[in-house]
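Chain by chain, the residues run as shown.
Protein chains: 2
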Amino acid sequence: MNAPKERLVVIGGDAAGMSAASQARKRRPASDLEIVAFERGQHVSYSACGIPYLVAGDVAEPDALVARHPAEFLKLDIDVRLSTEVVAIDLDRRAVTVRSAAGESSLGFDQLVIATGGVPTRPEVPGSLSVGIHGVQNLEDGIRLLGYLDRHRPERAVVVGGGYIGLEMAEAMLRRGLDVTLVDASEQPMRTLDPDMGGLIADALRAEGVTLRLGERLEGFASKAGRVTAVHTTGGEIPADLVILGLGSRPSSDLARAAGIGVGTTGGIQTDRRMRTSAEGVWAAGDCVETFHLVSQRPVAIALGTHANKQGRAVGINIGGGYATFPGVVGTAVSKLCGTEVARTGLSTAEAAAAGFSAYSVTTESTTRAGYYPGARKIKTKIIAERITGRLLGAQIVGEEGAAKRIDALAVALWHGMTVEEMTSLDLSYAPPFAPVWDPVLIAARKAAEALGSNS
Amino acid sequence: MNAPKERLVVIGGDAAGMSAASQARKRRPASDLEIVAFERGQHVSYSACGIPYLVAGDVAEPDALVARHPAEFLKLDIDVRLSTEVVAIDLDRRAVTVRSAAGESSLGFDQLVIATGGVPTRPEVPGSLSVGIHGVQNLEDGIRLLGYLDRHRPERAVVVGGGYIGLEMAEAMLRRGLDVTLVDASEQPMRTLDPDMGGLIADALRAEGVTLRLGERLEGFASKAGRVTAVHTTGGEIPADLVILGLGSRPSSDLARAAGIGVGTTGGIQTDRRMRTSAEGVWAAGDCVETFHLVSQRPVAIALGTHANKQGRAVGINIGGGYATFPGVVGTAVSKLCGTEVARTGLSTAEAAAAGFSAYSVTTESTTRAGYYPGARKIKTKIIAERITGRLLGAQIVGEEGAAKRIDALAVALWHGMTVEEMTSLDLSYAPPFAPVWDPVLIAARKAAEALGSNS
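First to last, the sequence lines map onto chains A and B. Residues in the first sequence are numbered from 418 upward in steps of one, following my numbering. Residues in the second sequence are numbered from 418 upward in steps of one, following my numbering.
There could be a bad hint or two in this list.
The list cannot tell twin chains apart, which means a pair is met if one copy fits it or any two copies do.
Stated by the list, open to error - List of simulated lysine-lysine pairs, BS3-like, C-alpha gap at most 25 Å: (1) Lys864 <-> Lys492; (2) Lys753 <-> Lys795; (3) Lys864 <-> Lys443; (4) Lys443 <-> Lys422; (5) Lys492 <-> Lys443; (6) Lys641 <-> Lys422; (7) Lys795 <-> Lys864; (8) Lys641 <-> Lys443; (9) Lys753 <-> Lys443; (10) Lys492 <-> Lys753; (11) Lys797 <-> Lys492.
No lab work stands behind these hints: they were computed from the structure. In this text the structure is predicted, and so the values were computed from the model without any measurement.
Turn these sequences into a full structure, and let the hints guide you.
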């Protein structure tokens, strides 16, 4: 057999990287394209978003989060090398430098995919390396946390950071029977929501038994014999025998930047619609890139598995000789905290203002099913629209079971730049077990359309 | 007080008519517009779609289905006259002739809203007037059926017609403990679905214990002492002590036609986007009209409460001096049969062919949540797309809890004439409790996009 014509090197073996590898392989056989994927951790192709549910006990074992094992990739002639970190990209020599237990070596590439993911934010405060302080960025983190929980049976958990991961971890700790305190520097959890909608999440957290310490900045950790005993904030001391960091992440773009590949103002690697970076034959996908926000029309860096998968797929199709694009995002996200569902799409009121829109908003209350139908639950829908034009700019939903997935209809409407008046005619599904005769989305659009006059 | 400048007469007091009346009143006070609504039944403004759930026992009493009572309308200076039927419209004299227990009389109008609803299909077969044969068109029908169930404790119900109402009534009868047989002339229930998807509904019905008699035409009813004892079909005799007719309805347009108002080929009253009929100052809304199908670009008559509400609202806003339109429908519908959810939007394969499209379809299986997340349920999604262009033409979903409402994202995509390739990029919400990392809608779009090449 002749050597393959080209070699594809993939840096990072999670959603984006392995989607790219798989799609490229679908279109180009091993005789044409050699594929080598480097992963510095011990797992590839797993659902990072599933970690809170693994820790909560909803998911029986870490392996359930793994979509495909290295052996499965090997069958596809995709050579996955675990515990191997790429430490440099040399664009002139067209080679990467890799480091593993076996030492340092170099491997040439024709095509390169950078899928290095995100770098979790670690607080720069005293004591932050104490035992019992856990990140939940990757599957190893999740396994490590499970081990800590089993060995040490902590009783008081402090979650630092009130974003999606923070809240999901707060729920996980509640479900495991721990006392849970949530610390956030802002006055509300879920800063991606408007304050009034975030306030509903605060209420829900309190109702579930979480102690909220809002508007308090982290100052450090106290420890005893190297193990965390308390969290210090601007509001005082909080006893803790487990701390979970949910402070978000930034794009892992240092490797790319060092190689001279374009990195944007968001810190994410810049790409075009086909996910090509500024360097010939070098592609990027996943949490390490910045993408285009279709509403603000500005670059954003959003770490989300669904974007990573789509971007990786596009990269693989393009390397495979096909044509696929990732045109951007509208900022959709969804989460669940015990019985409370929360979703958002588009711009918040603050984001709309920052992007230069003059916006108004309308919040409506309704039910997830016909009011008379058993199981009808509360749903609150907020719509943010542009003044004068009535164009939809964003939407937020907080409610109970059956509420949050309605954000999808709003996300598609947003994708098409619909006005709230146009949206009132949308042919959304209706039957008593699924919606009131006016779906909450339509009620919200109607109220926003009616309020346009007084906001013009 | 001077007499109002104009009088609005509304024919029909359900969703469409009373929405029109309420919206007109919002914009024009009683001093400017007198509003009189005639309803030949004894209830106004109720949810006809809720009747199966009333009969099943999910809804405690008929009154729970009533959104607003006549007394509430009276407070808004809307004069509702129950048990009063409009029997003629005289466009020259601009007056309606009404009939009630008090006899016949006439009332002039300046504006007229025709909201006469639908005429239920009654089979033209021997014995169809026997006691124990029930329609479920309006609230009186539902109350009558409840009374019959209480008084006669029937044990064997035969439901004739396998559409939405038929299936919902089959479930209602199952839930009340009756033996249920469903008769339909076609080879599958839910003829608005493709046969393969309708077949899944047949399977679900059988699994719930419903006896299916498909491909059998109704020939008549046997009765004893005037009460039904059996249903005769082309397939034989089915013993029955209760028969429920779910044969659909046609637009109630005879009154309009007799007055010389334009009625279309569908049998529905023709209107423009603002819901104006062919006669000056005469509007129509609800099950009695035909509307524009945005995909087939042909008129259709679809009896659905959500359309009736929107159309009625548009009429009322327009009469009130505002501007509102009903641009048409994409044919979205949803229903639930015990644990099985079903939804559709756009054109079925047969409808696409009838409208002149050359279409192909792809069916995909997925789960409602991440596969590893507790409560993940099966969902099957079928996409019908145009050959060559890949434009979405329709979609159908059959699945378990959490499946059906996903049709809304597809309905909005359809509204905008998206191609399946474009849809693969949609920013739909993702988190493990709500979807796999590729939402079933995105998986379906992706597979349809991948299949386009071999269908071009």
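Can you list which hints this structure breaks, lowest number first?
6, 8, 9, 10, 11
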